[in-house]
Amino acid sequence: MEKEIKRIIAVLIGICILFVSLVVYLTYFQVFRANAVRNNSYNKRLWINEEKILRGSIIDRNGRILAYSEYNGETYSRVYNYGNLYSHIIGYSYRDYGKSNLELHYNNVLLNISDSSALNELKNLVEPNSEGNTLKLTIDHHLQEYSRNLLKGKKGAIVAMNPSTGEIYAMVSLPDFNPVTLREEWSNIVEDEDSPLLNRAISGLYQPGSTFKVVTATALLENDVSLGEYKCTGTTIIDGYPLKDYDGKGHGTIDLEGALVYSCNPYFAEAGIELGIDKLSETAEKFMLNKEIPFDLPVKKSSFPNKGNIGKTDIAAASIGQGKVLVTPLNMALIASGIANKGDIMKPVLVKEVISKNGKVIDSFEAEVISRATDIFTANELKNMMVDVVNIGTGKNARIRNIRVAGKTGTAENPSGNDHAWFIGFAPAEDPKIAIAVILEEEGSTGGQKAAPIAKNIMVEALNTINN
Amino acid sequence: MLNKGINYRLPRNLLFVFEMMALFLMFMYYRSTLDKSTIIYGLSLIFIVYVSNLILSKIVSGDNYLFLIVTMLASIGIIMIYRINHEQGIKQIIWISIGIVLFFVTYFVVKRFKGWENLFIYYLSASIFLFVATLILGKRFRGAVNWISIGGISFQPTEIIKILAILMIASYYTNYDKFKKKKWGNYYLIGIMYLFVFFLFIQRDLGSVLIFCSLFLALQYIYNENRKLVFANLVVLIFSGLLGFAIFPHVKIRFETWINPWKYIDTIGYQITQSLFAISEGGFFGTGLGLGHPDFIPEVSKDFIFSAICEEMGILAGIGVIMLFMILVYRGFKISINQKNKFFRIAALGISILFGIQSFIIFGGVINMIPLTGITIPFVSYGGSSMLSSFIALGILQVASEELDIEED
Amino acid sequence: MYNILSLVFKYVFIVIIYLFIFSIIKLIYLDIKGIRPISFDNSTYLKLINRKESLPFKIKEYYPLDDNIFLGRGNDNEIVIKDPYISKKHLRIVKDEDDYFLEDLKSANGTYVNGQRVMDVLKLNNGDRITVGQVEFIFVNRG
Chain A
1 MEKEIKRIIA
11 VLIGICILFV
21 SLVVYLTYFQ
31 VFRANAVRNN
41 SYNKRLWINE
51 EKILRGSIID
61 RNGRILAYSE
71 YNGETYSRVY
81 NYGNLYSHII
91 GYSYRDYGKS
101 NLELHYNNVL
111 LNISDSSALN
121 ELKNLVEPNS
131 EGNTLKLTID
141 HHLQEYSRNL
151 LKGKKGAIVA
161 MNPSTGEIYA
171 MVSLPDFNPV
181 TLREEWSNIV
191 EDEDSPLLNR
201 AISGLYQPGS
211 TFKVVTATAL
221 LENDVSLGEY
231 KCTGTTIIDG
241 YPLKDYDGKG
251 HGTIDLEGAL
261 VYSCNPYFAE
271 AGIELGIDKL
281 SETAEKFMLN
291 KEIPFDLPVK
301 KSSFPNKGNI
311 GKTDIAAASI
321 GQGKVLVTPL
331 NMALIASGIA
341 NKGDIMKPVL
351 VKEVISKNGK
361 VIDSFEAEVI
371 SRATDIFTAN
381 ELKNMMVDVV
391 NIGTGKNARI
401 RNIRVAGKTG
411 TAENPSGNDH
421 AWFIGFAPAE
431 DPKIAIAVIL
441 EEEGSTGGQK
451 AAPIAKNIMV
461 EALNTINN
Chain B
1001 MLNKGINYRL
1011 PRNLLFVFEM
1021 MALFLMFMYY
1031 RSTLDKSTII
1041 YGLSLIFIVY
1051 VSNLILSKIV
1061 SGDNYLFLIV
1071 TMLASIGIIM
1081 IYRINHEQGI
1091 KQIIWISIGI
1101 VLFFVTYFVV
1111 KRFKGWENLF
1121 IYYLSASIFL
1131 FVATLILGKR
1141 FRGAVNWISI
1151 GGISFQPTEI
1161 IKILAILMIA
1171 SYYTNYDKFK
1181 KKKWGNYYLI
1191 GIMYLFVFFL
1201 FIQRDLGSVL
1211 IFCSLFLALQ
1221 YIYNENRKLV
1231 FANLVVLIFS
1241 GLLGFAIFPH
1251 VKIRFETWIN
1261 PWKYIDTIGY
1271 QITQSLFAIS
1281 EGGFFGTGLG
1291 LGHPDFIPEV
1301 SKDFIFSAIC
1311 EEMGILAGIG
1321 VIMLFMILVY
1331 RGFKISINQK
1341 NKFFRIAALG
1351 ISILFGIQSF
1361 IIFGGVINMI
1371 PLTGITIPFV
1381 SYGGSSMLSS
1391 FIALGILQVA
1401 SEELDIEED
Chain C
2001 MYNILSLVFK
2011 YVFIVIIYLF
2021 IFSIIKLIYL
2031 DIKGIRPISF
2041 DNSTYLKLIN
2051 RKESLPFKIK
2061 EYYPLDDNIF
2071 LGRGNDNEIV
2081 IKDPYISKKH
2091 LRIVKDEDDY
2101 FLEDLKSANG
2111 TYVNGQRVMD
2121 VLKLNNGDRI
2131 TVGQVEFIFV
2141 NRG
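Protein chains in written order, with my numbering: chain A, 1 to 468; chain B, 1001 to 1409; chain C, 2001 to 2143.
Okay, chain A solo, but in the shape it has when bound:
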């Protein structure tokens, strides 16, 4: 009798545990996963409202209309004024192809469908929804167009932003596609080996090469690690493996500043080993590697190797931005911005304001610090070194007359093809108004040669035309 009852109770408890797990899973699902699940183009609910609501327009920071919806007698259809130019920022919104980029992630705002909080629903009932909200972007159309023209014909990405507010003035990724002819070109687009649908600025992961030395230098300064009077012979041996400079000639006696200005690999490799992977990793993470970067579009996480067995050759490679270090161009722009902005990295922003159909601004972004990458003194030292990079070092092609420009070149060895050409920088050095990151994928030449001039031109254009 007793045993029987015990067993019965055991089965009862078992079933109750099953039920409780159901409740837990449901709650977990609702709290953590529901939102991500909803935003799926197969979810007809996203479209149900489209037919009745005038989808909001998207405009640049100066009010120029980039995308809007028009009524053709039966339904609304979407018009993209500038085709390829905003394919990776605005994306597209079509019934049979779904939604992408801002059209997807700001879908509710564009249709003015708010979350089901009681107050909002009540509001909705009193005043039924017929028109969505307008998105005002931080993008400057002129700069965006200018930047894309400079990159034309190549593969790569450009991110130009305001280092003190985080506003993105231009974000270009090539190759791109034309949302207007999406339907006709769909199979070509999807099968293209160069992935035109990929937004390289936020989803492309590359080895940063020498541009990463900026981070290593920061770590060395903060931890007071120095190699003293170092003699660079153009090559150094780490654990039996040779590590060379780009031209292998050797820089002679050189200090940290010199190593940065002339991009000396052996110096940084050895200094990095002396620093140790932990300290280097700590600084890298303050510069947002291995971290989620909050943004209006999903950004791939950059990675810095700090787990498992890390040997000397790994540290050496990481110190010069090779090996297992992978970054997105946006991350590099944030690094440049951080140094420009007294050591504080601001949250990158694409959407400046949300404007209701009545013209009222119902939401506007607030500049936010997402990481104090370094202190103001170290940032200043770095800044001065980077000015020298442009004045007398590898970044001469980024010089602008009458303006102090800070920068760093990079030529990343690419295991699967030609080297990538990088440039990161900001100007004017004393009071930075623009920070930039440029990458030319598999360019085959150095960052100084090819990436720096592009960056310079864009910075000049930005300083001349953007004043708000």
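What the hints contain is simulated information worked out from the structure, not anything from laboratory work.
A virtual CB, placed ideally from N, CA and C, is assigned to each residue, including glycine.
Hints may be right or wrong, so weigh each one.
[What the hints assert, rightly or not] Cβ-to-Cβ under 10 Å is the rule here; a few derived chain B residues that face chain A:
| # | residue |
| --- | --- |
| 1 | LEU1102 |
| 2 | ILE1222 |
| 3 | VAL1329 |
| 4 | ILE1367 |
Knowing the structure of chain A, use the given hints to seat chains B and C on it.
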């Protein structure tokens, strides 16, 4: 005694208020297409439910909560079904009404007659007969063969077999001493279990396979003295489960769809992903009846009615339904523990386990916590066979909740 | 119009459903609590001495006793025994302070305690044998 009466009034009245409000809301929702008959149906159901609960509390000496809980569940179900599909709603009202009648009939019949525990052979042969009939006459519906159509009326034999199986197991263990004496008597039940599972497997009714296996295993675990046998059984079942997964594609595909439904979103994963969309739409309080789109889910009235409830009435309502089932199962177990008559004790246990496992499997399936199987939610899902058999089972459970004599013959 | 209704109702529905659930739980809880004083391991009860199988009518092995118990053939007694030799209302056991008293209610065949016929009221002690009709109990009072 007086105290009892007053306390039962509260939930009964709450249920009444709930149903009236729902009826009103449905009236408003369908106001353009409504005809008098719907109001009549609705009011009749509310009346029947109220009166039944009232009668039960007065007449029956056993448990009253069972019926209350069940009618609340049925009400929630009916609201959702009616909102989705007017005609199905009316049919469901009819099924519930017949179900309630069957409940009372079962109650009185089972209580009146003795000797239920001696009908082992009849339970067994009826089950096998139904299985064979299904194989011969059965129609395939969405992959599983579990419907029989006779002269315009279609029903699911599996629903009846479930109850027969429980009664069979109960009678087996009640008369265990007799069975033990026979040759192989010990293994009768296990053999029958494998036979049933085999039939169900051929029918491709994987959900029922799961139910029957759990039912058999649980009851065996409690009542079979040979512990090694129970363990061996478990091992064999798990092993054959894995084997089935490896060999049969239709098992494998269920698993793959469960792990990543998004990959198969426009083929086999369509239903479950639509279900997930619905659930994520509602938030905690739901979108409000009639304001969501549960109709985007194919076949929503049957297995996915739970997703519809989560969408329009909220996760909280879904949790409420789960809690109601939990209480129902708990009550069933308590009844079984208190019942001294061995046959009814096991029967009550079996029925409670059935309700519990069946609802868990389908809830878990539609929220994608476990792989999806095509079985119904007792009392809530649309469907005559399911509703009627559930009420019959409830009737037996109700009998088991009273004090009965231990018959020695 | 309908939308507002549905919106308001959805909150009300949730409230009702949960009120319902809680009232049922409360009922069950009260029920369990109520059962306890009359539970199996109560310290005062009548235990059957006869062999149950030997009696031609329905009878239990244990009858828990509380403050006021009537025993008889009639259905309105707390203890119902369908023994033809037991009267419709045969006897009564009452609790006064900590003691239990047995009173024979002018039954046809009488009530016997330890072999002696009970004339009116008798105090019961632990271990007393009570005989009514064909049934014999032992009175157990541990507390």
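Quick rundown of the hints versus the structure:
no.	hint	verdict
1	LEU1102	violated (26 Å)
2	ILE1222	holds (4 Å)
3	VAL1329	holds (6 Å)
4	ILE1367	holds (6 Å)
Violated hint: 1 only; the structure is consistent with all others.
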